Structures are given as structure tokens and as C-alpha cells.
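Participant: Top to bottom, those sequences are chains A and B.
Take the first sequence: its position 15, counting from 1, is numbered 15 in this note's numbering, and each next residue is one higher.
Take the second sequence: its position 258, counting from 1, is numbered 258 in this note's numbering, and each next residue is one higher.
Hints in this document: simulated from the structure, not taken from any laboratory.
Keep in mind that this is a model prediction, so the values were computed, not measured.
Cut-off 25 Å, straight-line C-alpha distance, at most; resulting in silico cross-link-like pairs (PhoX-like, lysine-lysine):
(1) A:K154 to A:K208
(2) B:K116 to B:K178
(3) A:K280 to B:K116
(4) A:K196 to A:K208
(5) B:K212 to A:K280
(6) A:K208 to A:K236
(7) A:K228 to B:K284
(8) B:K197 to B:K7
(9) A:K208 to A:K228
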Amino acid sequence: MSEGRTALAMNPYRPSLGTLVGIRDLATDIRLFQVALDDRQEGKGGFQTHPAYRPGQFAFVSAFGVGEAPFCLTSTTRRGQALEFAVNKIGTVTEALHRLGEGDVVGVRGPFGNWFPLEDMRGQDVILLGGGIGGAPLRPVIHTILDNRADYGKLTILWAARLPSLLIFKGEFDSWRAAPGTELHLTVDQGDETWKGNVGLITQLLEKVAPSPENAMTITCGPPVMIKFVMLTLAKLGFAPEQMIMTLEAKMKCGMGKCGRCNLGEKYVCTDGPVFSYAKVRNFLESY
Amino acid sequence: MGDFAGKIKVMARDQLLAWLDDLAGRSTLIGPKPVGEKILYKPVRHSAEIALDFTKTDLSAKEYFLPPTETILSMKREKKGFSVEEPSLDGEQVLFGLRPCDARALRVMDALFLDKEPADPYYAERRGKTTLIGLACREMGEQCFCTSLGLAPDEANDVDLMLTEIEGGYAVQVVTDKGKALLGAVALQEVEGVPPKPIVHQEKVPILEAGKWPEHFDAPYWARLSDRCLSCRLCTYVCPTCRCFDIRDAEVSDKGIERLRAWDSCMAEGYRRIAGGHNPRPTKAERLRNRFYCKFCYYPQDFGPIACVGCGRCIAQCPVNVDAVEVLEGLAAL
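Chain A extracted, bound-state conformation:
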């Protein structure tokens, strides 16, 4: 063991401390939390800043006094120092996080899990399908492609929510649309008086947009039922299972394959995933 490090400093259950440096509303009950890690925590387990985290990975965020829960990292290291998490107020930990304000301290440990195969996707068209809060893990993919625009082909983003008020990252839509070779298609299950765009499921939008499967990869994130039907629609459009990437959500307590919570058969969403190809998932014993 190297000097200055004790066994306890290596404790993977110990979170790094971080300060909430920015909080903004993304949609009804969904907020973006920006966390600046406390430098003094460096090397004490918790959030490992080296090597850099990648799009698709996740971390546990603690609301001290209530507990911690896993969230995807919705930021990229290139665009800023702060770690960003989009949090939907829907359970005990997320409710506690929503009660916090700027300047409050949270815990972070991670990053955990695998990541999207963005290196392998270079030179190909990319189709992203995000439903509701499921758009959160896709945002760092969009940022990565836009920040390395020449490395990728056409970018088609299909962005869906149950209601217009639940569409996340609205403030970034214009910059996505303005990027070269990039299309953004929105849809909602149910419109309102101000909504003039598509109404319908993301699968209907997908059939309408009908992206070509040639030299293309897709990434889907959303509720399980959405993923299921998007896979069927993609297959109908001629995409092979290897071209369908998804990221799955599961209840987790440790992030290291130990607590047992997130197994899909012999796979663990935390360590074997959360990113999987449909080619693999369709052969899993258990459904997600």
C-alpha cells in the first residue's frame, strides 16, 4: 500500500463530498444538479476522477440522511468540471435531492458501469432515441458527437416525453438543431394548447423519420416498455440487433456487483452494463 493511503481510504462505499454549484429545472419535477467535487477528497475513494468518466456511466449521489441512488452522468468532462445529474423527483432519495439548494453538500461515488461504444461508432450515422428522463444518458452522447462533429456521420435525435412539460433539455434544442448534419425530432404522447409538434409514440415518430440502417448505429434509452417497442420498430426498419444499443435502469445499492439487486439472470446491470446491445439483451434469460 502506498504512503498516505490506508485500507479505509480505498473504501468503495465511501462517497466523495461535493457542493451543488448549480440547480435548474429541466421539466416538471426534473432538475439538473451540478456537483463540484471537493478537491480535498481527492484520492479518498468515492468518485474517481481519473481516468475520466465516459458517456453512459453512472454514479451514486447521496442525499445525506436519506440515502443514495444511482444516476447516469449527463455531463461530459470536455464541457465542464462539474458533474451533472438529471434527477426526476419520484422516490425517497430523489425527493430529498430536490429539497436541496445551491451550496448544499452531497456525496458522489463512481463512476460505475460500462459506456456507449462511441469510439466504434466513428464514421457512422448515429440515431438516438430518448424517452422522458431517458434522454439524460443521451445528452453526453450528443455533446460528444457535436464536439467531435467531423468524426461522425449524420446525427438524428428522436426525443419524446409523455407531455410537452416533461421534455428535458429544451434549452439546448436550438443548439442541437443548429449543429451541422443534425436533426432533432420531438414527439409527445399527449399535447397541450401550446404544442404544435408531433403527437404520438416515439415508435410512430421513428417509422415516420425512418432513418437508414446503412452504416448507422442507434442508442435507445427510456422506460422498459418503450425500449421493447423501439427494438421492434428498428428491426422493422432493417436495423440488425448489433446496431441497437440501449442503456438499462435497475435498482442498485452498491454498483459493484455485490448487493445482488440488479441482476438480469447472470448479468449485473451495474458491472456488465448499463449499456448493452440488443444482440446480447435478446438472449438474456430474464427480461429487463
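Here the structure of chain A is known, so what remains is to put chain B in place on it, guided by the hints.
Facilitator: What follows is chain B alone, placed relative to chain A:
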């Protein structure tokens, strides 16, 4: 080590009791102790509290490595933010009277908590600070099926010291250096002979190999079996290898918060349910199936060993007679 080679080292019964008293004075001694009508591994101060004549304890010894509830972190609210402290774990402990199945169960948990990186620091600390003194079974118990899982009731390889009851005392096998150190200067008498072999029930339960399980995944068998399951979770709590856990915080004072880790059970309805309500394993049939698949199909693939040691506690404790042996036999007959 482990073989007797025609000679045995004997610790007389009085000698054992005196040694245990000595150990209890120097460290935390845990041994099988009668508690009401049950026999449980409990900390003891005197050898007189220890049961030497028992088949197996009602609960395994896993709580001394993965406690039912433990504080993994203590947080304190400061003027600005929080401070985080890690607990100092208990000191050296000696676990006496461990049955071979329970000792093997620790090896099974080692595969997950120690060998799969990163190691679990709490489990590792307790495991490292514990010396195991095994006690061979004289006879397999009513629900025991350890021999079907490649174990023997006198298996010595998973402990530091192994004792086997003989006329007037115990045959001692020193298995590890840790065991040798614990034994210290206790003078053992060397005599000719071998200790008696345990009485073994010959019928073997068929254990389907891990690769054969997936073909039975969709069998209606699971729904039929789970009809009577109460989702009471007893099977997972008494199991020496079930290790699922939950982590949450508790406010313990104005400024103090403890992060607790507690046993959890895949038999609970909400175990896999995520915020928002989606539950990938909503039925009893799926949950009961998962428990058996975890033990005999998933765990061996992920971590190596089968996560069952044939102790039979789940059979003894299940209030509605879900019987692991019956399930294994039923599956082999499908």
C-alpha cells in the same frame, strides 16, 4: 495437511474447555450456544455456555462477517456540509464449532466479497480478523445434503483448525498457520489410530450443472412451486450464502447520520422494483425461480462456486415446505 496418516493429535475434553476459556479471555469467542430451544452462534465468556452436542445451529455464522445490520459510514452535519467517518470494526474473533457446511459457505461468499474486485472492506476486515475452529459432524442431520454438493461432514479444508470428536476428547487437525498460532502451546497427545468417519446418508440429490438450468427457465414448474410461497424471506435469511443487501441512511441524532447496510431478500416484492413502479420480477414464481437460479446457475457462472452448501436450513425453516431437495429432484426429472 488434513490427513491423519494413522496418527492423531488429541485434545482431551477438559483441555478443550480450558483452552476455550483462555480464548474467551483474550478475544471475542463465538460458539454454538443454546438460546431458548435454538442453538445459535453467539459470543460467549465461558466454555460452559457452549453446546458441544448439537447437529447444526439454527442460523449460520454469516452474521459475523455480514451482519444483519451494520453501520458502514457515520456522517456528521458540520457548519458547512458533512464529515464522513468510517467505523472501527470489532477486534480479533475466534469462531468455534463451525460446521463444515458453514465454513464452506464463507468460501462461497469470499468469491464475491474478496475475490471479485473491489473487495468489500467490511467483509474483508472481519474475515481477516477471524480464526475458524471447525467441528466435524458425527452424523448428517435430517435435512442435510452437503455430500451432494461435494462436501463431507468432516471436511477440514475451509477452517483454520478442525476438531473431530473421539472417545474422551477431540482429534485436532491444524489446517492453516493461523490455526497453528491459535493453538499455541496447547499440548496435544499423539496416539495411533484414525478418528471415526461421520455417518453419511448415501442418497445423493441430483444437482443439475449450471449450463443445464436455462432450458428449464420457462417451465411451468416454477409457478406451481411458488403457489404456496408466502414471500416471507426466511429462506434467504437463514441461508449461509444469501448475501443480498440494502443500503440506506438513518438520522441518529441532531447532527448524526448513519449509513446502514442490512440483509435484503430477493424474495421481497419490491426487491427489483424501480422508482416509477416498473418491476421486472413481479410474480412469486419469478422471484422463487431467481433464488434457485442465483444459487445453482448464475453464481457459479459469475463467481465460481455453487451458492448452496446443502445445510438444509431453508428446508427446515420454510413455513410452507418449499423444499430445496424436492426442487432439485423435481428439476432433474423435468
